[in-house]
Every structure is written in C-alpha cells, then in structure tokens.
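Asker: Listed below, chain by chain, are the residues.
There are 2 protein chains.
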Amino acid sequence: MSEKETSPAVLEFNPLNSLVQEGFWDSFSSLKLDKLGIDDSPISITGFCGPCSHPRGSNYLRLSSESLPLDEQSSITSHGNRNKCPVPGILYNTNTLESFHKLDKQSLLKAEANKIWGDIQSGKALEDPAVLSRFLVISFADLKTWSFRYLVAFPAFDLDPPASLVELKPASDYFSSQEAESVSAACKDWRNSHLTTDVPFFLVSVSSDSKASIRHLKDWEACQGDHHKLLFGFYDPCHLRNNPGWPLRNYLALIRSRWNLETVWFFCYKESRGFPDLNLSLVGQALVTLSSGESAETVPNSVGWELHNKEKQVLQSINLANSMDPIRLAASAVDLNLKLMKWRAVPSLNIDALYSVKCLLLGAGTLGCEVARTLLGWGIRKITFVDYGKVAMSNPVRQSLYTFEDSIGGGEFKAVAAVKRLKEVFPAMEPSGVVMAIPMPGHPISSQEEDSVLADCKRLSDLIESHDVVFLLTDTRESRWLPSLLCANANKIAVNAALGFDSYMVMRHGAGPTSLSDDMNKTNKQRLGCYFCNDVVAPQDSMTDRTLDQQCTVTCPGLASIAGALAVNLLVKVLQHPLGINAKGDNSSSSNRGDNDDSPLGILPHQIRGSVSDFSQMTLLGQASDSCTACSETVISEYRERGNSFLLEAINHPTYLEDLTGLTELKKAANSFNLDWEDDDTDDDDDDDDDVAVVM
Amino acid sequence: MSEKETSPAVLEFNPLNSLVQEGFWDSFSSLKLDKLGIDDSPISITGFCGPCSHPRGSNYLRLSSESLPLDEQSSITSHGNRNKCPVPGILYNTNTLESFHKLDKQSLLKAEANKIWGDIQSGKALEDPAVLSRFLVISFADLKTWSFRYLVAFPAFDLDPPASLVELKPASDYFSSQEAESVSAACKDWRNSHLTTDVPFFLVSVSSDSKASIRHLKDWEACQGDHHKLLFGFYDPCHLRNNPGWPLRNYLALIRSRWNLETVWFFCYKESRGFPDLNLSLVGQALVTLSSGESAETVPNSVGWELHNKEKQVLQSINLANSMDPIRLAASAVDLNLKLMKWRAVPSLNIDALYSVKCLLLGAGTLGCEVARTLLGWGIRKITFVDYGKVAMSNPVRQSLYTFEDSIGGGEFKAVAAVKRLKEVFPAMEPSGVVMAIPMPGHPISSQEEDSVLADCKRLSDLIESHDVVFLLTDTRESRWLPSLLCANANKIAVNAALGFDSYMVMRHGAGPTSLSDDMNKTNKQRLGCYFCNDVVAPQDSMTDRTLDQQCTVTCPGLASIAGALAVNLLVKVLQHPLGINAKGDNSSSSNRGDNDDSPLGILPHQIRGSVSDFSQMTLLGQASDSCTACSETVISEYRERGNSFLLEAINHPTYLEDLTGLTELKKAANSFNLDWEDDDTDDDDDDDDDVAVVM
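For the protein sequence lines, the chains are B and U, in the order given.
For the first sequence, position 425 (counting from the first letter as 1) is numbered 416 according to my numbering, and the numbering increases by one without interruption.
For the second sequence, position 313 (counting from the first letter as 1) is numbered 304 according to my numbering, and the numbering increases by one without interruption.
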C-alpha cells in the first residue's frame, strides 16, 4: 500500500488486497472433485468488495464459499447485499503444479484488462459499472493435502501519461455543511436501496441550492447543465487518507475514454458503522491527459498482480488441513479417491449410491473382515456385522480387523471388536454389531430352545429388511440357508463368498421369485440362481464330525482377501447397474453381453470362481432352480404361509426341505437311472468349494 | 481309594490315579500338528510311576512331555531314573469329539489286558516286569482351543474267585530287625543301580541267617530251596496302609499263572526321603484260588477305567490356554492353521522355510499393507518395510495397517506405523521399518544431494543383501528400477505387484544374469524377465505433471487386496519349489507344465494379470531381455564395475540407460521402419498397467 506522501504530479492508488477465505478453497475442492474433474477451463467467480467501513476490513477483495458458481442462483444470493458488492472474476486452476508455474501471467492479466476495455468501449460499463473492477486468480489446488497455491491480480490500466493529483481532502472539507448533509442523505438512500446498494460507481450531483443526488453513470449526459458540482463517486475500499483506492484507476480510464474530461472531481465514498462518513470520505481533483489516438483497439497497458511490500509477486498458499476438524478432513480425504475415479476412469460413477447403501455382513471372520475393509475403500459407511463368535488367538493374523489384544482373556465378540476397529480406522463410519448365531436347517433343537431360535429368525429377518445388501460370509453352508431364503423373500441383494482350500467362489443371488410377477415378464426373464439352486440335497449339519483341517479356516492365506475384494466389487457393479438386483449375468467369454454393456465398471457376472493353485479365474452363470431349497417359489410361499412352523420343520427335519421342493423325488428318479450323483458326505467334501455346482 | 477295613476274605487294591501334566498335552499338540496330522492310529506312550515316597505324590501314574515318542531316544532318557519307572501305555486320540464318544472303551481295555496276559504267558513279563502295568488313554485334543478331553484306564485282571488277604502289616513288624536291616540294604542297592532302579517287580529272598537279597523275577526257580523267606516285592505307589497298591493285581495273576502258588507273600516297597522305609512298606499274605482251566486263551476279565469316587468314569478335561503365556498361545494358534494345511491339503508343505524367510517390502502403501497381512497369514515373521511417506488421512480406509490416529497431526511415518501395527496384530512378529526414499533414474539431483542419494543406494543394497525376498510395491515405475537391478545383482527373489485403475499385475523376477554361468547351462536355460525386460524406454520421471487422478492411488478399492494376496501366494510357491528362484514359469493354459509338476501348491507361473472389469485373470510368461535396463548382463556388469558413477549417471541422464543397453539404437531402427511403438507418454498411459508388455 502506498502510504508515503504522493507527489503533486502523479496520482497514486492504494492497491487492493485479496482476502481468500478458507471456505472458498473448501468449496472449490468440492466443485473440483464433484463437477469439474480434470476439466481445467477457467471458471467465473465472484469477489466481494464494499466501501471501507472499518480500518480492519480495509482494502480487501474477499473470496468466500459464495464466490463459486455452485448453483444457478449463487450469483443472486449476494445481490443486494450492501457489504458484498460483487466483483466479477475468473479462476484458472491447473491440474498440476507444473502447469501452474507455466501459466503466462502477463497474457492472462491482459486478457482480463481487455474485457474491461471492451466494456468501456461498448458502454456496458455504464450500464453495469461493477465490470470496471475485475479480478483474476490462478491456482493449483492439491486436494490430497488440502493445500492451495495461488496468485491474484486486479487488472488496472496504466494511463500514459499518468493522471496527476491536484488536491485530495476529506469530503467534509470540500462540501459545505449543507451540501454534506444532503450528500450524506443521498448516499444513504443509494446504499439503502437494494437496486443500487451494490453499484460501486455513481455520480454525485450537487445543485447550486446545495441539494445532492446520486445518479447512475449512464445519466452523465442528463446531469450536464443543471448541476453545481458533479463528482465521480465510487465505493472506496481503503481507509487510508493519502490516496484514493484502486477502483479509481479503471474509473479514470472510463471517464477519459467516454467523456474526454481533463479535470475529474472524484468522490471516495467510505462509511462508518453503516452510515456515510464524509469525514472519512475523500474528494479529489485529478488531471487526465487526453490521448488522441485512443480506440477500442489500442488498449492501455495494464498492471495488477498482487504484490507484497510493493515489490514482487508472492505465491500465496494456504493449507486448510490445520484448521479443519480432523474427522471431517479424514472424510474428505477418503472421498477424494472415489471422486478422482470419476474424473477420468468412471465419470458416470454414482458415489452417492455407495455412501447411502446399508450392508449387512453375516459373519465377521476372515471373509467378513476383508469385505468390510473393501467396503471402507468404496466409501460405504453403514455396515452391520452379525457374528456370535469371539476373537480367537489364531484370528488376528488372518482376520484383518482384529488385534492380539482383542483375542486375550477369552476374546472380545467379533461383532463388537469389528465395530470398534472400523471406527478406529475411519471415525466417520457408522458400523454396528449384533452378537447372534444364525439358525440352521438340519440342526435339530429341543422344544426349550424353540423360542430363542425363532427369536433369532425374527431378528435376522428384521436385520435383512432394514439393510439394502446382505453378504453371506459364514463358515458353513447351512448357515447361509436362512439368509438366502430371507433375501429371496425380501428381494434384497445377496452377495455370497466362500472359500475352499485354494479356491474361492463369489456370487450374487438373483431377485426373489415374487419380484418377477410384478415388474417383469416371467416367461422372458429367468432369475439368477442362489447358493442353493444347484444342490440336490438340502443343507444340513455339516459341522459335526469334521476334523480340524476340514473346517473352513484351513484355507490358503490370502484367499479371503481375493474373495472379499471380488465380492465387494461385484456389489458395486450391481449398485451401479440400472437394473440392480435384476441385472442379467454377464459372461466375460460370451461376446454378447446382453443389456449390461453400459455398466461403467465393466461386466457384471453372476458368479466368479477362481483358484490360487493355477491362478485361474472365470465367471459363470446359473439360473434359479424351481427345486431350490432356499429361493424357489415353493419354499418362499411356504415360509410366507406357515412362518415359524415352517422354520421349525426345516430346522428339525433334515429331509423336510427336500420333500417340499421335490428334491427327494428327483433323487429317487436319478438313482433309478443309476446316475453318478455327487455325494455330499464323501470324505473330500469341501463345503465351500464343492457345493455350488453350476449350470452354464 | 479303598480306605475302609477290608474283609479278611477279599484282597482289595488301592487304584492308581492318572496325573497328566500340561506338558504332556502341550507336546502331544506339537506331535499331532507336526507329525501325525489326521493319522489317528494309536501311539505308544510311557507313563511314569515309582514307589511311594511321599503321601502327596501317592498313587499317581504321571504323564509328562517325556511320555511321548518325540524322538528315537525319548524312551532312553527316562531309563535309569529312580522316580520315573516307565510304564508302557497307549494313546487313542480321535480327530473329532464324536469319534471320541463312539470309542468302544471295553474293547480297548480288553485289548490292553490281552497284551499283559500274553506277556505273562510268553514269559516276557519275567524278563521285563514293567509290562505287567500297562495303561491306556483315550482323548480328543481340540487344538484350536487348547482343550483336551480324556479318560485313562489301568487294565487289571479280575481274578475269579478273587484273592483273599490273610494278613497285612508293616514290613518292620514282619521282618526281624536284623532281617529288616538287611532287606533295607538290599533294596537300597537295587534302587541305586541304574540297571534295576526302575524294575518295579522283584523277589525278596531272606536266608535263614537273616541275610536278604533282591532278585529278578526270572530267578524265582533259582531262589527255591535256599531261602528262609521269599516275598514277591513291588514298588507300591500308594502311601496308604490298609491295602496294597494296584500293581499287585496283575502281579498276582502272573504268580498264579506262572508258578501255581496258592499262598503268596508280597512286599509293598515304599520309600521315605529316597531311602527304603520298612515302617511304611507292607508285607502281606494273600491266598489265591488256582484255576485249573487257565490258559493263554482264557484271559481273565479285566477292569481299570479310572473312576472318580469309586463310582463312575468321569471325562477329564484340561484347558491349557489359561495357564499359557498369551503370546506363546497366540503363536501356537497362528501355527495351527498352517500346520493343519499339512494334514491333508499339502502334506509336503515346508513350514519352516516360511518361518525363517526375511522379506523386504519396498513400499508400505496399499500394496505393502496387503502383502504384509498375507505374509502374516503364511506364518512369515521377518518383515522390513521401506517407505518415506507418512500416513495421510485418506490412507487408513485402503491401507489396512493404519488407523485414523496414525494419520492425524501430519501423520506417522508409514514404516513406523506398519511395524507398530504388526506387533499389535501378532506380538511374535519381528518387523522393522526404514524411513527412506528409493533413488530413481531420470530424476536428476544436484551435486549437493549426491552424497545422500548414494548413501540411500548403499543402504538399499545392504537391505536387499540381508533379506531373502524383495517385494516391489512402490507407486511409480522408476522407483522399481534400482531394486530390480540390485535383486538381479544379488540374485534375490523379487516379487512385483502393480495396479492399474481396474487391473493388476503380479510377477516374480528371474534369477540374475550372473547366476546362470555358475550352475546352469546358459544356452539351455533362459532367465525369466524382470519388470523392465519388455520396455523400450528406460524408466524416468513419471510423477511430474500428473494430475491427481493419474496417480497410483486412483484404483478400484480391493485391487490391492487381490494383487497383494497373489504376490504372497506366488512367493510361497517359489519358496516351496525345489528350484526356488530358478524355477521355470508354468503356464496354466499349457498342458506341459515342465519340471514344476511336483509343486505341492499348484503351478508356479511367471506373471499373473487380471482385471476386475471383466473379472478375468491369466498367467503369462516373459523371458529376460538382453536390452533390459535393470537386469541385463550389460547393466549389471556396468554397475559392478563403475558403482556409484554408474548410479549417478543413470539418475541424472534420462537417456543413459537406453544408450547403454542399445535401446536407443533399437528405437531408431524401429522408427525407421515406421512401426507403431506404444508411446509411453500418451494420455492414457497407465504406468502400472501398461508397462509390462509380455512375450508369450
């Protein structure tokens, strides 16, 4: 700022400073992430300025969160606000620091100055004087670290030769007290009208009877003749008394160009506590040398990059991380990776669909942990774990949500420890845990147990109803039966992952049997199968009499990471697919991918099976079976009609489900033909690997 | 125990109790896991007994860690120990609780009794009287929870009609004081000789001149005639005075069967403070009814299942978990899953090769975390992280070793936080962390930086030398160059994992170029390629001027889980392969899998590439290139000859490596033929996805 005594000859101006509030960069980050992506076209922004009303707010052009064109009405919100007169600006944000440094600052400044010159020449500046003060920001926003580097310019014409200052004095000294009173009143009216309050350039006309009026610039011609004093007023943002503020520079250029005046009386309007203050306001007389060859084509030189200590451009930088709530910061950081995916890789990714989805994880073991961790990565926040087990000492090295401490003293419940860990990893998570065993068919119970088992059935049903997606991640086949049935009944997305010793299987269940009659043509559209659709035996007790190494945990380490990651990626594709749960199964090997070509994330298969033995992986397709013990219409109808008595029969009578669905008959017929049915009870039966036969 | 007054007619015996020490089950767990696996054949064990020497140790047959046949010499270690006279036993451990309950206890007891009867009939019992006292344990060992259920039997014949007791008195009352003195001295000698100290059945012969001698049973005939008193002595484990101890039962059966005696004088030998105690010792007279039809075929009935309160068999159980050091418990639990894999799935798995391997992880980001977690699961304990970054707020949801807390206040160094977390997950881990950046080619440095960059090169080289395996998990291509070179130079196993947006690549590097001249025929054996073998450009600065979304973290969540799991499974196969780093690359699609058919874990490919877009995955094979900028003989020789000056040139001069390896010439030639070289700098360049072209 120029505070030294000016020479009588040269008129100097107090330069503007930029005051970029954190909210500006905060909002810009959102805009960049959510809408702009890699698009680095300049965007129109709005700065805010006003007459100086306090030394502490002096001389600033402010940028706030309202400066950005977030919505269509954003420019309207600031209109009519007396302390936030809009100043049009432009923001050049680059995608890399290298591009930022390579920007041609002189050209950019010149381009903005040209706009002002054009508006002066066209007369637009008379209609809307706000365009006389433009500004320009160049920036590099590092959204990963919340740090922002930027430079601001306030383009101003460098008149050649420069204007000189004849005199400058407080307005109260210039006007007679009667005039001053009238000027004050007129200014007050101007500032109080929402039509004029943010019009920063105006005429002050004082008639010979000391009556003052404030007029629009475009009324200059009309003001000629009948006035005693005619001053060019403007909102001076600066509280200093030695020089007028920066807006006068382009104002003089307008005045000289438009009206060819050599002597200009100007009025630096300032306020105090919201009222015109003629002691603070200044009146000055400037002499302008007319340039004969001036035209629309010969734009005066311009200056205006913000300087520090009047010397050189200083790269400004701000890091929001220090001032932000750490949890909000973390949430933003986590969103970042997802939003960056939209920039180039998957522009159509619907992130909101992920944020809001509620996932129920049945099983918080090796698979449950991996599924939860991948859900975290995909931005999913609502996760409910169901598990009745406690953290055993062998768990933490394979179950990535637990630590040694969780396993000592008998172990914390997994459903409790998993919730605690998710909050530790990311405090914005909304996890919950339910310690509960899943009732299983073919595991007979005593009559005393009936009430509690049925209560568990009810609880599971309620949980499934209140979630959008159910992951089946338990360690037995039979514990997946009831959830499979309930998902088919409630038409919820079910994703199933299961491990063999060195192989894995991930599948999504089709829609429930009753979903089709509503909105789809049943004959045209076959449902996708569920986990039990290709079984010829009903699920029953598979746990009794298994040796240690036949239990589920004897798998190659790492299998669960693969299966868990695939399961979540499969879910994400379902959620992003227009048909959702009804999406047909794509097959990578078939050239005709059906109606799913438009899925932004690639194909959406029904099943994925792979093995770390030969590192193979393939997608498979299996349709729903009419004899399925979990998802067939027969079973669902029976469940709906008979409720608890159906459940108890399925739990207590191993053959009930087979009888109900006709599997018993099917098996008899098959045996009579002497087919080689796979025996589910052979020694090599690996529950999770072998029980999902597939029809291609 | 029978403490009531016995009827004069029936001789009752104080039953033995089992005292199974924790060490027994501890050692058995190891034996089961490491050697037996699912083999549930009965195994020979040894119990320990001795004459009662203190009421508190009375009447016990002890089982300790020495009871198991761990090594060939285990039965020898206890031989000659006066307080641990070996008793032969047998252990039936079942693999499931159901099998345990189904065991036919009567038959098992009978089988052991038959052995004793056979030894009596064959005369073996005279040569080695220890076989008169056998025992039997049936158990179910739940190795997951360290709980053990078991029942012990001490088979004893039920003579019909039973023997009757004429009198029973302290030995000091029975012998004259002179005789007693001599008997004491003779017993002391017997007990002090390592040849006889653990022979629990013997003859006490007292001549008419009151001189006593202790003789072997087999000398019974020789003792006839010259003795005044001849008693059947045995180590009585019981301190009670009303009845003789359990060993006398089978002893009487032997005596009756062998020598057809009706009146038997027996001597219950007991000690006090290590010396014979004739006040404590008992002498009794038993009457045995001879059975005329007795033969080898007509075995007497047997009893002997351990009873509690003389009433019923009580299933004993012990849980070691409560008394074990939690960290040791955790370590055992973790081993369990691996050892269980050996039982059935991969009997040839060499777990020790995994325990001892030292892994260097270059990069502790998304991939580094997943690799470390999978290594944990595979039992690998020595992990060193190299990373110069700090935990950012966006990291914890994707980098599974970090929490929110690690990211606040600027973030902990990843190499530090990862080490801390591994210890929290599993205290037996031996992780370490190095905060260091990896010098990169084509990233010129100033002369002031040279010393520190060269020190980093040296440090990296030392780290690679001191580890067995190097994982390349950094987020740029060029940071993998120096480690690739150093691994080729030191002939270390290098495993490389890299992510694209929705695709992943995992590969192992071949052996170094200098390894072949030594032990293999160079013309016959081509080396496998490294990460840079198929590039036609040298690695150079790829980080400058990349937009946020072009950086490595913009990948589908879950990709790193898959790639990390595959990378570790690939390593495990290399470690288990007889040729290790020199193993050829298998291909799943080729029917001829070369010399790797015997790999217990399936095929061992060179590269695996996959995508979550179409859920495909395949294995690939690429040979080493003579023009490779990282592993070719040209480059390795140059590095060995020129050392630091070579490194500086590679770092500072982007074209140096291409000139050196002839890539420059190759490119010129190619350009002159107007081939469509893939441009590494196109917009769609995805570093991690595209730069590993593969020759099939």
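I should point out that these hints are in silico values taken from the structure, not numbers from a laboratory.
Quick reminder that beta carbons are idealized off the backbone N, C-alpha and C, glycines included.
Any given hint could be a false lead.
Dumping the calculated DSS-like pairs for lysine-lysine here, alpha-carbon to alpha-carbon at most 27 Å [what the hints assert, rightly or not]:
1) LYS101(U) with LYS411(B)
2) LYS101(U) with LYS115(U)
3) LYS411(B) with LYS411(U)
4) LYS414(U) with LYS411(B)
5) LYS349(U) with LYS115(U)
6) LYS381(B) with LYS349(U)
7) LYS135(B) with LYS575(U)
Pulled from the structure, derived: some chain B residues nowhere near chain U, Cβ distances all over 12 Å [as the list claims (entries may be wrong)]:
8) LYS135
9) TRP256
10) THR280
11) GLY491
12) ASP493
13) GLN517
14) ALA551
15) ASP577
16) ASP605
17) THR655
FRET-style restraints, in silico, Cβ to Cβ [claimed, not checked]:
18) GLY400(U) with ARG633(B): 35 to 41 Å
19) SER438(B) with GLU89(U): 51 to 57 Å
20) SER423(U) with SER438(B): 35 to 41 Å
21) VAL294(U) with SER437(B): 32 to 38 Å
22) ARG450(B) with ASN292(U): 54 to 60 Å
23) SER437(B) with GLU89(U): 16 to 22 Å
Asker: If a hint holds in the structure, say so; if it doesn't, say that too.
Answerer: Quick rundown of the hints versus the structure:
Of the supplied pair hints, the one linking LYS101(U) and LYS411(B) is violated, its CA atoms being roughly 56 Å apart against a limit of 27 Å. A C-alpha spacing of about 19 Å is found between LYS101(U) and LYS115(U), which places the hinted pair at or below 27 Å, so the restraint holds. Restraint check for LYS411(B) and LYS411(U): satisfied, since their Cα atoms lie roughly 18 Å apart, inside the 27 Å limit. For the given pair, LYS414(U) sits about 19 Å from LYS411(B) by alpha-carbon distance, which is consistent with the 27 Å threshold.
Taking the CA atoms of LYS349(U) and LYS115(U), the gap is near 55 Å; set against the 27 Å cutoff, the hint is violated. With a C-alpha separation of about 32 Å, the suggested pair LYS381(B) and LYS349(U) falls outside the 27 Å cut-off, and the hint is violated. For the suggested pair LYS135(B) and LYS575(U), the alpha carbons sit about 43 Å apart, so the restraint of at most 27 Å is broken. Non-interface status of LYS135(B) relative to chain U is broken: a Cβ of that chain comes within 12 Å, the nearest being about 7 Å off.
The claim that TRP256(B) lies off the interface holds: its Cβ sits roughly 53 Å from the closest Cβ of chain U, which is beyond the 12 Å cut-off. No beta-carbon of chain U comes within 12 Å of the beta-carbon of THR280(B); the shortest separation is about 47 Å. Some Cβ of chain U comes within 12 Å of the Cβ of GLY491(B); the nearest lies about 9 Å off, and the non-interface call is violated. At roughly 7 Å, the least C-beta separation between ASP493(B) and chain U is not larger than 12 Å, which violates its mark as non-interface.
Consistency note on GLN517(B): stated as away from chain U, and its beta-carbon is indeed over 12 Å from all of that chain's, at 21 Å minimum. ALA551(B), annotated as away from the interface, has a beta carbon of chain U within 12 Å; the closest lies near 8 Å. The claim that ASP577(B) is not at the interface with chain U is violated, since a C-beta of that chain comes within 12 Å of its own (minimum 8 Å). Annotated as non-interface, ASP605(B) brings its C-beta within 12 Å of a C-beta of chain U; the closest such distance is 4 Å.
Listed as outside the interface, THR655(B) is consistent with that label: its C-beta sits roughly 26 Å from the nearest C-beta of chain U, beyond the 12 Å cut-off. Range check, GLY400(U) to ARG633(B): about 60 Å between beta-carbon atoms, so the 35 to 41 Å window is missed. Checked against the hint of 51 to 57 Å, the C-beta distance between SER438(B) and GLU89(U) comes to roughly 24 Å, which is inconsistent with it. A hinted range of 35 to 41 Å for the beta carbons of SER423(U) and SER438(B) is inconsistent with their spacing of about 59 Å.
The beta-carbon spacing between VAL294(U) and SER437(B), approximately 36 Å, falls within the hinted interval of 32 to 38 Å. Evaluation of the 54 to 60 Å hint for ARG450(B) and ASN292(U) yields a pass: the beta carbon distance comes to about 56 Å. At roughly 19 Å, the beta carbons of SER437(B) and GLU89(U) sit within the given window of 16 to 22 Å.
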